[in-house]
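Line by line, the protein sequences are chains G and A.
Note that the first sequence covers residues 8 to 117 in the numbering used here.
Note that the second sequence covers residues -12 to 101 in the numbering used here.
These are calculated hints, taken from the structure and not from any lab test.
Note that the coordinates shown come from a computational prediction; the quantities given were computed from them, not determined experimentally.
The C-beta atom is built at its ideal place from N, Cα and C for all residues, glycine as well.
Any given hint could be a false lead.
[Claimed, not checked] Examples of chain A residues toward chain G, derived with CB under 8 Å: (1) 15; (2) 16; (3) 18; (4) 28; (5) 35; (6) 42; (7) 43; (8) 47; (9) 52; (10) 78; (11) 93; (12) 94; (13) 95.
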Amino acid sequence: QKEVEQDPGPLSVPEGAIVSLNCTYSNSAFQYFMWYRQYSRKGPELLMYTYSSGNKEDGRFTAQVDKSSKYISLFIRDSQPSDSATYLCAMRYTGNQFYFGTGTSLTVIP
Amino acid sequence: EAGVTQFPSHSVIEKGQTVTLRCDPISGHDNLYWYRRVMGKEIKFLLHFVKESKQDESGMPNNRFLAERTGGTYSTLKVQPAELEDSGVYFCASSYGGGGYEQYFGPGTRLTVT
Chain G
8 QKEVEQDPGP LSVPEGAIVS LNCTYSNSAF QYFMWYRQYS RKGPELLMYT
58 YSSGNKEDGR FTAQVDKSSK YISLFIRDSQ PSDSATYLCA MRYTGNQFYF
108 GTGTSLTVIP
Chain A
-12 EAGVTQFPSH SVIEKGQTVT LRCDPISGHD NLYWYRRVMG KEIKFLLHFV
38 KESKQDESGM PNNRFLAERT GGTYSTLKVQ PAELEDSGVY FCASSYGGGG
88 YEQYFGPGTR LTVT
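All chains, full assembly: derive it from the sequences and hints.
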């Protein structure tokens, strides 16, 4: 069983739509939860992070962590064509290595 | 501030050859990480340096892979001899402190072994 599961998509939405991206995980020891955005031929770029459970909002982006369900989400409001990218969830526990999902490819259609 | 840089951006080699990948972390970052993404799979951890010391190399696939970090600055990852299954994108990341959430990734080196 993979440590982190993420639906690869692809996901295609019209501009202005609300996007919901999700990951589930199996290891209850995970404490740090991150969302990375990766444009084609580029490295992953940190978008949001959350420590333990709860919500965090940054502009059009909201990250949610539900540790009881081992489920994390990233919401993008008023999606823009520039949001078109692959979104990767990542998490870690006590060590320094990150555990990544496979990434969800998102296309926002103008 | 310059980001994490990696060289080369793309390398094509034949099975059995040797390849060396280089990573220059963000200046002042003591922590350096190598990850690999095989096509269709998730990004997976390879190893972690703190300055010039290997802190965790639990993700290194086998002894054909050798990572070094000279003087706690740049790092190299050598694959010798390369096998077909080594193909993928190799990412380097760096962070100021250990732990936490902020690892800054480079653009990756795409390695193709034919």
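Problem set entry | Hint check, failures only | Of the numbered hints, 1, 2, 8, 9 do not hold.
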